[in-house]
Each structure stands twice: as structure tokens, then as C-alpha cells.
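Quick mapping for you: the protein sequence lines, in order, are chains X and Y.
So for the first sequence, this note's numbering puts the first residue at 1; every next one is plus one.
So for the second sequence, this note's numbering puts the first residue at 1; every next one is plus one.
Honestly, the hints are just simulated from the structure, not real lab data.
Quantities reported herein were computed from a predicted structural model and do not represent experimental measurements.
Where is the CB? At the ideal position from N, CA and C, for every residue including glycine.
Some hints here could point you the wrong way.
[As the list claims (entries may be wrong)] Over the 10 Å line for every Cβ pair with chain X, so calculated as not near, a few chain Y residues: (1) K98; (2) G117; (3) S163; (4) G165; (5) S195; (6) Y227; (7) A260; (8) R274; (9) A286.
[Stated by the list, open to error] Simulated crosslink set (DSSO-like; lysine-lysine; CA at most 27 Å straight-line): (10) Y:K314 / X:K272; (11) Y:K208 / Y:K314; (12) Y:K208 / Y:K98; (13) X:K32 / X:K86; (14) Y:K208 / X:K272.
Chain residues, written in single-letter form:
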Amino acid sequence: MTETASIEPILRIQDLSIAYPIAIGTVRAVEKASLELSDGEALGLVGESGCGKSTLGLSILRLVRPPGRITAGRILYHGRDILAMKENEVRRLRGRAITMAFQNPLTSLNPLYRIDRQFLETIHVHEPAAGRAEALARAQRVLSELGVEPRRLAEYPHQLSGGMRQRVMLALGLVMDPDILVADEPTTALDVIVEAGFIDLLNRLRRDLNLSILLITHNLGMVAQVADRIAVMYAGKIIEVGSAQEVFHHPLHPYTHGLIHCVPNIRLDQEKLATMGGSPPDLVEPPRGCRFHPRCPHAMDICRREEPRFAPPRGAAPLAGSAVAAGPTSPAAAAPAAAVHRVACWLHGGGA
Amino acid sequence: MSDLFRVTRLTKEFSVHGSVLDLLFAGGRKSVVHAVDEVSFEIREGEVLGLAGESGSGKSTTGRLLLRLIEPTSGSIEYRGRDLRHISRREMESLRRKLQVVFQDPNSSLSPRMSVGQAIGHPLAIHGLGSAGERRDRVLEVMVRIGLTPAGFLYRKYPHQLSGGQCQRVVLARALVTGPEFIVADEPIAMADVSVRALILELMKRLKEEFNLTYLFITHDLATAKYLCDRIAIMYLGRIVELGSREELFARPHHPYTRALLDAVPVPDPDQRRTREVVRGEIPSAIQPPAGCHFHPRCPFAMPKCREARPPLKEIAPGHLSACLLD
Numbered sequence: 001m002t003e004t005a006s007i008e009p010i011l012r013i014q015d016l017s018i019a020y021p022i023a024i025g026t027v028r029a030v031e032k033a034s035l036e037l038s039d040g041e042a043l044g045l046v047g048e049s050g051c052g053k054s055t056l057g058l059s060i061l062r063l064v065r066p067p068g069r070i071t072a073g074r075i076l077y078h079g080r081d082i083l084a085m086k087e088n089e090v091r092r093l094r095g096r097a098i099t100m101a102f103q104n105p106l107t108s109l110n111p112l113y114r115i116d117r118q119f120l121e122t123i124h125v126h127e128p129a130a131g132r133a134e135a136l137a138r139a140q141r142v143l144s145e146l147g148v149e150p151r152r153l154a155e156y157p158h159q160l161s162g163g164m165r166q167r168v169m170l171a172l173g174l175v176m177d178p179d180i181l182v183a184d185e186p187t188t189a190l191d192v193i194v195e196a197g198f199i200d201l202l203n204r205l206r207r208d209l210n211l212s213i214l215l216i217t218h219n220l221g222m223v224a225q226v227a228d229r230i231a232v233m234y235a236g237k238i239i240e241v242g243s244a245q246e247v248f249h250h251p252l253h254p255y256t257h258g259l260i261h262c263v264p265n266i267r268l269d270q271e272k273l274a275t276m277g278g279s280p281p282d283l284v285e286p287p288r289g290c291r292f293h294p295r296c297p298h299a300m301d302i303c304r305r306e307e308p309r310f311a312p313p314r315g316a317a318p319l320a321g322s323a324v325a326a327g328p329t330s331p332a333a334a335a336p337a338a339a340v341h342r343v344a345c346w347l348h349g350g351g352a
Numbered sequence: 001m002s003d004l005f006r007v008t009r010l011t012k013e014f015s016v017h018g019s020v021l022d023l024l025f026a027g028g029r030k031s032v033v034h035a036v037d038e039v040s041f042e043i044r045e046g047e048v049l050g051l052a053g054e055s056g057s058g059k060s061t062t063g064r065l066l067l068r069l070i071e072p073t074s075g076s077i078e079y080r081g082r083d084l085r086h087i088s089r090r091e092m093e094s095l096r097r098k099l100q101v102v103f104q105d106p107n108s109s110l111s112p113r114m115s116v117g118q119a120i121g122h123p124l125a126i127h128g129l130g131s132a133g134e135r136r137d138r139v140l141e142v143m144v145r146i147g148l149t150p151a152g153f154l155y156r157k158y159p160h161q162l163s164g165g166q167c168q169r170v171v172l173a174r175a176l177v178t179g180p181e182f183i184v185a186d187e188p189i190a191m192a193d194v195s196v197r198a199l200i201l202e203l204m205k206r207l208k209e210e211f212n213l214t215y216l217f218i219t220h221d222l223a224t225a226k227y228l229c230d231r232i233a234i235m236y237l238g239r240i241v242e243l244g245s246r247e248e249l250f251a252r253p254h255h256p257y258t259r260a261l262l263d264a265v266p267v268p269d270p271d272q273r274r275t276r277e278v279v280r281g282e283i284p285s286a287i288q289p290p291a292g293c294h295f296h297p298r299c300p301f302a303m304p305k306c307r308e309a310r311p312p313l314k315e316i317a318p319g320h321l322s323a324c325l326l327d
């Protein structure tokens, strides 16, 4: 390893590929994806349905369901490859070091158990020596941290409202004091005001617990409210990574540009939304070259022939016309390698 | 602009049956949900009226009542001056050509066994309009105008062979094929992917001009409402709490609930992060809603009298109505 320990990210995904064999071939859900998550950082992973973002999230705790298979790559947690670990080592990581929050809390909570029992079970799995009283005290502490009254411990999941369930599920994930939260569309089932409360909560947890967050979502509003950096996925590939400001105000990839500009923004008076023709490709036989080229308004010959490399842009000229008048961009002077804006696009040199 | 619809004190109650135990021990008492509670508004010809609110606010029920897909408990719905509650079944059937609806999920709105051509032409067949050949021509014409091309090729396809955006276009084409003048669009983009949403919104905007349509656009997303609607009504637990033009409502929101909703919308711009914390709590149960103003338990400005009487919907500026005792 060339990096020194101090700048090594807490989670580093390298050239990860995940495939699902199906009757007519192999779905290449994720191809050669690389990402870093720094300590205390909130990274947004955005893309539309079927782009591979959820599969990538599941792979971090080796939760990709068969027949899906991780075919290549490494996932380094504090420098150790999760993909090379024994099953019982990974089980110790789950919930303790890295935790996941999913879309629907009802499928993550056991409807037959009271909330206290679900906490006791989680704590017991990781710390068999912990006593009941101590475990309950810990559960109460986490719940009140998330704004849930301790009396809820005596209730069943069906007695809680949607927003409350979401908090209880998150509290269950946080009771072992993990370093990393992977949240996959955590607010999709929630109403606007409850969602806003959840966003406040995520931002507070980062500050108070120094939690690193990987937020997987198609909701650009939510990601803009939470993420420090944003990675954009299209057709199984990570096509752009940069600071939230760079990605929103100076997107480099035409797909990112289209995505950012097709969202209604309540603070603006928009005459027209950007639209992208076509639809995402079949991942059994993705297009040659850049996977976005059949839909790209700027496609050139080389885009159809050769795949662009993922690299910092050459010349760095962002696409014209940003959705929002560009605000002050954060100084990238002292930024670590992870903060560099990178893109996979021939318009920006294609990494050549 | 004349009024296409005039809705007065429209109410829909649903009775909720308790469990078997309630039946045995509570004498089988039924509780009632006021899904829509004395709602009044009008829809002007050629406008897009937005009905916005969180789940359980009664916005979808209101849309269904307008088309008499469900029957109101009380109140009146006048369409071009005629009360829809007092016309015959047969007359209502023929009016349906003029009044159409588009639902949230194109997959559950389309039969997997009907080809695109059959699905779009189905309303024509039901209403007995034209010969088979004329229907086919009309379907192809609408398909071209809506961007379902090559129309001849897609005509024979089935829903599973189409993309999500194409399915939503089929649903729109089916609503347009009978030449309607009014469409209830109930969260038409909620299930779609981000890029498909923009396509559908742009398409709806264009179709409105081309076909001279009036929309009732039901949504939980205020950013979308602001983009598409001319006027917007905000609903909370079965009642309209505020109604105004897009310009008025977003520039000068009055009702504390409207303001809470606007605060909560996540702005897709990292330089515009929300700094204030949002209001606490969630929508209470519609079975026993809070007395007086339904919003008072969550309202930062609640006064004792807010618990007593329902605040009337009053005009606070020309065309801008709000139901709050603070006004």
C-alpha cells in the first residue's frame, strides 16, 4: 500500500463487479465500481432504478442474494478486505461496525416481538456477556437520542407510526455504535415532513456520533440536503464522483447534467425541465463503449467504440448552464485524493 | 375563465369496522372516517388545479368523488352547472368520455393481456364510438401525438415489452382517446424514475395546450405542484387549509401547515440546506382527528381557541384562502 494510514478511508471499494446469472445470460449489475468513504463523511450514491446502486450497497456486508455473485474486486474496511473474510467474521461486522437501514422498516422489524426484545436480541448476538438491564439502558439511550420515548420499548411494531418505525429501525442499527451507516432509500415510504425530520436526524447523527454515511437514493433533494460528496451510477457503472457542490453546480457527465436538471426545484421558477430521451440499457448486453452513448446528446465516434476511463477531467470545463446559480464552491485546496472530481466521459478526455 | 367544476361542502365518510372483539364487547359500534370533510372549491376551465397534501389528507378521495368513481356522503359537485349527483346513470356514462383519470401506477392500470392498441382503444369500444377501422386510426393518431412511436410497431406490443415511461404514455393515451376536456391525474409520476418524471410532466404540459384540457393534479410533492399547477389547494386530514395561485401560495404561504410543508421540501441544491428543524409529530389518525383546527397539536402558533372550532376558509387576499384563526 502506498497511502499512509492517516488518509486511508474507512471504507474503500475497489473494482467491484457483481453479476446475476439469468436464463438468457448474465446481468452485469455492477461493473468495476470504485468508491471511498472517509471517516465521518456522508457520501450520496445516486442513480435511477436498476442502475446497481442497491446491489452495491448490499455487497458491502456481503448481503447480495444468490444467484447474485460478487465476481471481482475488493471491499476494504479499515484496510481489511471484507470479501476475503470468513462468514463469522463478516457476521461480527454486521450491525456492529457497519449497519444498514432499508426502505421499508416493517420488513426489517419482527412483527411478533416487542421492541425491547428486538434490542435485547441484537445486543446479545454481539455481546453475549451484556446483562439485560445494561442492554435495556443502552437501547433507551439510543432511542431517546433519535427522539423516541423509552416507553416504546414495550410496544410492538404495528403500534408505531411510519416515522417512528423508521427511527426504531435506525436505533436498532445504531445500538452497537457502528462506524458506518449504509442507508438505502430510507425515506421512500415516508411523508414529506417526516422525511425532513429523518434528514435532520441523519445530519445530527453525523455530528454527534461521527458516523460515516453511505446514502443510496434516487431522491436528489434528499442527497443535496445530506451528502458531502456524490457518486452517480448509470447502468452498473460509477460515472461521476465529486463534492455535492461540484456535482450539482458543475456536473461533468451528460447523464449527471440531465439528472440534475430534470428535477423540479421549489426555490426556482422553472419554465421547462430538461428531458432525456430513451431509457437505460439492458445490462445483459450493454452498449459498447460508453453505456450512455445511445442517449447522449454529445455522443462522438469514440464514445461508441471505446469505454472512457474514470479519471479527473482533462481541462475541466463543466457543461454549460447550471440549474442553480452556482454558489461559492468549497475550496478544494487541502482536499484529500477522495475529494477530487472524477468522471468517465470522452468529453472530458476519457482518462486518456 | 368560467368554472368547469364547482364543488360545495363535499363530504365523504367511510365507516371502519372494528375487530371481532369490538363487535362482541362494544356492541358492534362502527367508527367513521371523514376522508373528505366539507370541502369547497372550483376548477376553472383550462387551468391546472393542484391538490397537495400528505398521505391520508383526502386528496385522492376528492379526485375520485369528482368523477363519481365513489359516491359522496353529502355536498354537491356541479360540472358545467349540472349537479353530477342528480343525473342518470346513462348520462353519467356518456359524460365519462369527457372526464378521465390517470392513476399512479401504470403497471396496475394496464392489463398485461391487452396489447397497447387494445388498451388505448378500449374506451372507444366501451362507448361504442366508430367502426373497428376508425378506432384503429384514432388510436394511432393519439399514439403519434403522445410520442408513442413508431406507432404501428408499438400498437401490437404488450405492457411487459415497454419501458416505464412508455407504459405511462399508454395510460395517458387511453385517457385522451375519447377526447376528454378534464383529467384527474392522481400522482401520475410518483412511481416513475427521476428522468421519466420530467418526460411525463413535460408531456402533460404540452398535451394540455394541444387538447385544451383542464387538470386536477393530485400530488404529495410541492415542487412538482409549483412546476405544473396554476392554483394549488393544500389539504390536511380531509379539509382544505389553504388555496391560492402558484404565485401567491409560494411567495406568501399563510397557514402554518402550508409553511411546515414548504419548509420540509428537500431542495435539490447543496447550497440551500434547511437550517430550521421541521415541525414535530405526524398526521394524527383520521378516525378521531383533533377537535377544532386539525393541525393544532403540531402547530407552533396554536392558541386555546384553535382547539374549539373549525377555522373557516377565508379570503385573505384576492383569490387566496386560508383556514387559520391567526388570519
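Now the hints, each set against the structure:
1. At roughly 29 Å, the least C-beta separation between K98 (chain Y) and chain X is larger than 10 Å, which holds for a residue marked as non-interface.
2. Look at G117 (chain Y): its CB is around 21 Å from the nearest CB on chain X, clear of 10 Å, so calling it non-interface holds up.
3. In this structure S163 (chain Y) is not separated from chain X by more than 10 Å, as the shortest Cβ-Cβ distance comes to only about 4 Å.
4. The claim that G165 (chain Y) is not at the interface with chain X is violated, since a C-beta of that chain comes within 10 Å of its own (minimum 6 Å).
5. Non-interface call for S195 (chain Y) relative to chain X: violated, since the shortest CB-CB distance, roughly 5 Å, does not exceed 10 Å.
6. Not every CB of chain X is more than 10 Å from the CB of Y227 (chain Y) (nearest about 4 Å), against its label as outside the interface.
7. Not every Cβ of chain X is farther than 10 Å from the Cβ of A260 (chain Y); the closest lies at roughly 6 Å, contradicting the non-interface assignment.
8. Its closest Cβ contact with chain X, about 6 Å, brings R274 (chain Y) to no more than 10 Å, contrary to its assignment away from the interface.
9. Every CB of chain X lies more than 10 Å from the CB of A286 (chain Y), the least distance being 13 Å, so the non-interface label holds.
10. Restraint check for K314 (chain Y) and K272 (chain X): not satisfied, since their Cα atoms lie roughly 33 Å apart, outside the 27 Å limit.
11. With a C-alpha separation of about 30 Å, the suggested pairing of K208 (chain Y) with K314 (chain Y) is violated against the 27 Å cut-off.
12. About 14 Å separates the Cα atoms of K208 (chain Y) and K98 (chain Y), which keeps this hinted pair within 27 Å; it holds.
13. A threshold of 27 Å between alpha carbons decides the hint, and for K32 (chain X) with K86 (chain X) the separation of about 23 Å falls inside it, so the pair holds.
14. Under the criterion of a C-alpha separation no larger than 27 Å, the hint pairing K208 (chain Y) with K272 (chain X) is consistent with the structure, at around 15 Å.
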